[in-house]
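Undergrad: Dock chain to chain to rebuild the complex, using the hints, since each chain is given by itself in its own frame.
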Amino acid sequence: MQFFFEALIGGLLSGVMYSLVALGFVLIYKASGVFNFAQGAMVYFAALTVVGLMGHGMPLPVAIVLAFGAMVLLGLATERFVLRKLVGQPPISLFMATIGLAFFIEGLAPMLWGDAVRPIELGIQDEPIPWLLERFDIVVSRFDLVASGIAAVLVAVLAIFFQKTRIGRALRAVADDHQAALSIGIPLERIWAIVWAVAGFVALVAGLLWGSRNGVQFALTFTALKALPVLVLGGFDSVAGAIVGGLIIGASEKLAEIYLPPLMQAGFGGNFGGIEGWFPYVLALLFLLVRPEGLFGEKHIDRV
Amino acid sequence: MLYREAGQFKTSFAEDMQIFPIRQDRIAIGLLLAFAFLGVPLFASEYWFSAILIPFLIFALAALGLNILTGYCGQLSLGTAAFMAVGAYAAYNFQLRVEGIPILVSFLLAGFTAAAVGVLFGLPSLRIKGFYLAVATLAAQFFIVWVLTKFPWLSNNSSSGVISAQKIQILGFSFDTPVSKYLLVLGIVVVMALAAKNLARSGTGRAWMAVRDMDVAAQVIGIPLMHTKLTAFAVSSFYCGVAGALYAFCYLGSVEPDGFNLDLSFRILFMVIIGGVGSVLGSFLGAAFILLLPIFLDSTLQPAAQAIGLPFSNATVSHIQFMVFGALIMFFLIVEPHGLTRLWQITKEKLRLWPFPH
Numbered sequence: 001m002q003f004f005f006e007a008l009i010g011g012l013l014s015g016v017m018y019s020l021v022a023l024g025f026v027l028i029y030k031a032s033g034v035f036n037f038a039q040g041a042m043v044y045f046a047a048l049t050v051v052g053l054m055g056h057g058m059p060l061p062v063a064i065v066l067a068f069g070a071m072v073l074l075g076l077a078t079e080r081f082v083l084r085k086l087v088g089q090p091p092i093s094l095f096m097a098t099i100g101l102a103f104f105i106e107g108l109a110p111m112l113w114g115d116a117v118r119p120i121e122l123g124i125q126d127e128p129i130p131w132l133l134e135r136f137d138i139v140v141s142r143f144d145l146v147a148s149g150i151a152a153v154l155v156a157v158l159a160i161f162f163q164k165t166r167i168g169r170a171l172r173a174v175a176d177d178h179q180a181a182l183s184i185g186i187p188l189e190r191i192w193a194i195v196w197a198v199a200g201f202v203a204l205v206a207g208l209l210w211g212s213r214n215g216v217q218f219a220l221t222f223t224a225l226k227a228l229p230v231l232v233l234g235g236f237d238s239v240a241g242a243i244v245g246g247l248i249i250g251a252s253e254k255l256a257e258i259y260l261p262p263l264m265q266a267g268f269g270g271n272f273g274g275i276e277g278w279f280p281y282v283l284a285l286l287f288l289l290v291r292p293e294g295l296f297g298e299k300h301i302d303r304v
Numbered sequence: 001m002l003y004r005e006a007g008q009f010k011t012s013f014a015e016d017m018q019i020f021p022i023r024q025d026r027i028a029i030g031l032l033l034a035f036a037f038l039g040v041p042l043f044a045s046e047y048w049f050s051a052i053l054i055p056f057l058i059f060a061l062a063a064l065g066l067n068i069l070t071g072y073c074g075q076l077s078l079g080t081a082a083f084m085a086v087g088a089y090a091a092y093n094f095q096l097r098v099e100g101i102p103i104l105v106s107f108l109l110a111g112f113t114a115a116a117v118g119v120l121f122g123l124p125s126l127r128i129k130g131f132y133l134a135v136a137t138l139a140a141q142f143f144i145v146w147v148l149t150k151f152p153w154l155s156n157n158s159s160s161g162v163i164s165a166q167k168i169q170i171l172g173f174s175f176d177t178p179v180s181k182y183l184l185v186l187g188i189v190v191v192m193a194l195a196a197k198n199l200a201r202s203g204t205g206r207a208w209m210a211v212r213d214m215d216v217a218a219q220v221i222g223i224p225l226m227h228t229k230l231t232a233f234a235v236s237s238f239y240c241g242v243a244g245a246l247y248a249f250c251y252l253g254s255v256e257p258d259g260f261n262l263d264l265s266f267r268i269l270f271m272v273i274i275g276g277v278g279s280v281l282g283s284f285l286g287a288a289f290i291l292l293l294p295i296f297l298d299s300t301l302q303p304a305a306q307a308i309g310l311p312f313s314n315a316t317v318s319h320i321q322f323m324v325f326g327a328l329i330m331f332f333l334i335v336e337p338h339g340l341t342r343l344w345q346i347t348k349e350k351l352r353l354w355p356f357p358h
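In the order they appear, the protein sequences are chains A and B.
All letters in the first sequence, in the order written, are residues 1 to 304 by the numbering used here.
All letters in the second sequence, in the order written, are residues 1 to 358 by the numbering used here.
Same shape as in the complex, but just chain B (with noise of 0.2 Å):
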């Protein structure tokens, strides 16, 4: 009844062709970000700021960009964690060594730079595919770690590659509480969710599912394979890019290179087959899911195991945090290989019918 998109008609092609053509929708999304910018920073502690939303627009930036070589291309990637740390080290060098230059130029910067490398290490899905392609990104894991690590130039000389970023200043203003860190963050998350939105139902976008659905096929009808899954790469490394930066500026403060380890780019995958795989949204739920399940487990563990009079010792907690990790990736791929925005797609589906089913 509430939801329907009955009696909405489109009379010009552009409206036709907007991003949510649901009148219901583009009220829900305008809702959504009013409370996102205006009630959140009313409602929410510092705690949760620092320690649950920055990290959570954060590690949704960065799934998104996962799932956009992964969801929409086809192309696994292991070393998504690398080039968040490319974003992050070209971020704090733009910072340090270009006098004058205003922070979102840097991060936009950061994103380019993790393009271009992202580009590099995506030549070799020209040859390979497949599980061949997931342990040939893994070489980029690996060999940019160590040359952050090594090479003490991009870490201004600071021992182990530690970097400590700048302080963020944007027209005078400088972005130093966790609240106008959120908001710093959730500006450039929406910006750049919208973006992806609206590039997966482009041309390029299209081209990106073809590939991923049958390569050869896409070939046939006259889609350039390596424009393709370059643009893919590219795209993929600059989101990637920017949510390194990011998670050094806005989140940690002070990063180094072993901090993006194949852990972060597992993490950030699993965020992506959780969440749903070649769907926005679905970065966003994904990254919520993993992001509270360590939290939710950790606050319910130990009191349900007092509870019932069972000692559990912190090692055993995280323990069975692996377990309960493991468990619900593989129940999540049996029961619904789509991810929690398919369940999404099903409540709507059925809202719609409502209140009369049949």
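Chain A on its own, in the form it takes in the complex (with noise of 0.2 Å):
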């Protein structure tokens, strides 16, 4: 019973990982009604960025700050040079967008600051935490607490964010109709770039934790794919989904690894290891028979 838990507690904790990169799209989705999938690139850049910087010598907090400018910039330069051009297409092709846009970062980012694999120190801790350890014997990451300690103050702000501020309702009113949104005097560009910003931040933050706890390299755009089954579980546009979603994922799929492999081993003989890669993928699909929208997803009306 006690691996029981701490598997559950492992991976609800690396579940929270997953909600961070998560919030990422949400956020974009929610304000743009753009699927982003450049936000795994994203995360890889903005981690790069502050490795690259600190190899020229930068202390880490300064790093940060000129990493999320950069973030800003690229956040900016991608509104004004691909969104914009493709206001009113159908979303497919901006998804579709985002994709070259993640092949062009997944090039940029190395090519600016090398492609080692290289370690980011943030001066946390990955040991188990003792008073949890003495009292019940479980082991606890203090780095994966931190980190999801972190998830959850950023999701806190952006739900009051997109709640109770006026430029939140103005996202809001832009993911539901650009044109209309647009007629009715929200600037549309100002909204996008400010929310590019902060999906950038996001990015970075999740760039940070990521990379801290496997190393700064090009894995890192792989976190998108992880995210993928948290939103569709989550729903696309609900930023309480994302964090749900992910630990639902983080720890359905820590568990499967652990328990399903020897039951098929049983069953059919041979090594079944590798579960967790498709695992969240499936589950995700057999959730989404059952509710198309996700646990927290706007349920979408058809009107012909």
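Any given hint could turn out to be false.
[Said to hold, decoys possible] Listed below are the simulated SDA-like cross-link pairs for lysine to any residue, each with C-alpha atoms no more than 20 Å apart in a straight line:
#, chain 1, residue 1, chain 2, residue 2
1, B, Lys-197, B, Met-209
2, B, Lys-197, B, Glu-15
3, B, Lys-129, A, Gln-89
4, A, Lys-85, B, Ser-164
5, B, Lys-150, A, Tyr-259
6, B, Lys-129, A, Glu-276
7, B, Lys-129, A, Glu-293
8, B, Lys-150, A, Glu-298
9, B, Lys-150, A, Glu-257
10, B, Lys-150, B, Ser-164
11, B, Lys-167, B, Phe-94
12, B, Lys-197, B, His-338
13, B, Lys-350, B, Leu-2
14, A, Lys-85, B, Leu-2
15, B, Lys-129, A, Leu-225
16, B, Lys-350, B, Asp-25
17, B, Lys-129, A, Leu-94
18, B, Lys-129, A, Glu-298
19, B, Lys-129, A, Val-290
20, B, Lys-150, A, Ile-258
21, A, Lys-85, B, Glu-336
22, A, Lys-85, B, Val-335
23, B, Lys-129, A, Gly-297
Treat the hints as calculated values from the structure; they're not laboratory data.
TA: Following this line, the structure appears as structure tokens:
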């Protein structure tokens, strides 16, 4: 049972890390209706910029601030040179454009900063918390706990931002209908610039946390792929959904990885590791059959 | 002057409904086919066959498959490579386990196997749409590759699921040179492309397009959604499956499940986007473009860098390839959302009016 709880908590905490990436998707989708496939590439770009700047002798806080600046610039450039030209195109074209953007960033980032795997030191130790270890004999990493704390704060702030502020309401209006929002005087371009900057910030946070855990490397771009089932489960346009979806995916994939292979081995023989590679997707797929709009997604009504 | 249908009167229904209604088109297609079947084998070198022409035809076939699903029926799929993998492994297993089965039959059965798997993963499309569906097809991508790696029976107990395709023999003639493989692939691709072109303008194809444009409206005018979407998945996966079998048997010779990864799916998706969504010709143009671009960049970047005195390492070249690739995709979507095939249509329009454009 102890082992079960340890796996469960470990899964939940790594789920929070998925949520962080998923959050970036949700932000842009909520605000512009664009499904931004480049979010993973942005995570990579942000983390690589931080390590790159630190490689030039800058202290961590300065590097983070400068990297944030770079993310904002990247967001503005994306808005100015890509999205603005695609206003009114079907969402699928916008989606494909962001795939192109992902490729572009995946080439740009290592060209600027080199592609060697490098660590980031954030000063948070990745060690078990002694109190929990003594009391319940459960290993919970301090790093994971801090990461989930940061994610929780981000979510709370973003939720308030979307629900209560003027800009947040404008963002939701834009997501609903570009043209209608334009016609009631919402400055579309400024709104998009803001949302890309915020998404860049979320990518930076995710990049720092993921990077300090696994090292800054190309594999960071795959975090986007892990975030997709989270999104589907939670609903594309729900901040809360991203968090709950992340928790479910994180926990279930860890438990499946531990408990399914022995069962399958008993049934078929052979070695069945690596279930966590596809389990989240199949789970999301099955879930979609029951609730096509995800847990918290807005119900879509078709009109002819 | 040369390209004009004036004076070509249709006197029967069959004439009016033929695939290429304009005589010049028929002549051009005939010449193109004659060149592909007879001219190319005379001129092309071995390198051209095995590195460019054969993969071009195979990728064009896979792109055609995806185009049927995404371009004609409007269902975005990110699992193309997985369906190709199903085709490759199915063909291998039919060859291996069924005594004396003709290779073309096993290709056909591979296509049907892929179609069955495609229908299975297409079932969710009845409930979910758009991006949700795209994510759902990722489940197919990861799950199928995992199954092929983990069940040793499928790869005849070889380590890490690598299969080596059997020799191709049809009626005692063995296809082992690049030229003969090229001709085999070309034959299959031509037949399937013509079939696709016909299918697209049949009742089925029109139903697909209606569903693509607006599924609720299509349903209202009496198009059965389930049947339409699932046939699109089946036909599309059939094409991808055959392409996958050809990929293993005629192009690479030996393949592993990890070769059919998400990257391959994306490449095929790009072929469809750049070539032209919802166009048979576009699949070919896109495949040629995506296949030739890296070769072109490889051969030009290095000398160009040396000419201006910048030492480019191989890594930098591959990064620049990524950037150019991404930039081109965005460029195409902005400038010409209908892809290369639209440029061809514009040329045709211009040609029709030439030399008196007013």
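Undergrad: Look at each hint and say if it fits the structure.
TA: Cross-check of the supplied hints:
1. Lys-197(B) - Met-209(B): holds, 13 Å
2. Lys-197(B) - Glu-15(B): holds, 17 Å
3. Lys-129(B) - Gln-89(A): holds, 18 Å
4. Lys-85(A) - Ser-164(B): Given that 20 Å is the threshold and the Cα spacing comes to 48 Å, the pair is violated.
5. Lys-150(B) - Tyr-259(A): holds, 17 Å
6. Lys-129(B) - Glu-276(A): violated, 25 Å
7. Lys-129(B) - Glu-293(A): holds, 9 Å
8. Lys-150(B) - Glu-298(A): violated, 38 Å
9. Lys-150(B) - Glu-257(A): holds, 14 Å
10. Lys-150(B) - Ser-164(B): holds, 17 Å
11. Lys-167(B) - Phe-94(B): This hinted pair holds, its Cα atoms lying about 13 Å apart.
12. Lys-197(B) - His-338(B): holds, 18 Å
13. Lys-350(B) - Leu-2(B): Distance of about 12 Å is within 20 Å: holds.
14. Lys-85(A) - Leu-2(B): violated, 38 Å
15. Lys-129(B) - Leu-225(A): Cα-Cα ~19 Å, so holds.
16. Lys-350(B) - Asp-25(B): Since the Cα atoms of Lys-350(B) and Asp-25(B) sit roughly 15 Å apart, the hinted pair holds (cutoff 20 Å).
17. Lys-129(B) - Leu-94(A): Judged against 20 Å, a Cα distance of about 16 Å means the pair holds.
18. Lys-129(B) - Glu-298(A): holds, 14 Å
19. Lys-129(B) - Val-290(A): holds, 14 Å
20. Lys-150(B) - Ile-258(A): holds, 16 Å
21. Lys-85(A) - Glu-336(B): OK: Lys-85(A) and Glu-336(B) at ~12 Å, within 20 Å.
22. Lys-85(A) - Val-335(B): holds, 9 Å
23. Lys-129(B) - Gly-297(A): OK: Lys-129(B) and Gly-297(A) at ~13 Å, within 20 Å.
Checked against the numbered hints given earlier, this structure breaks hints 4, 6, 8, 14; the rest are met.
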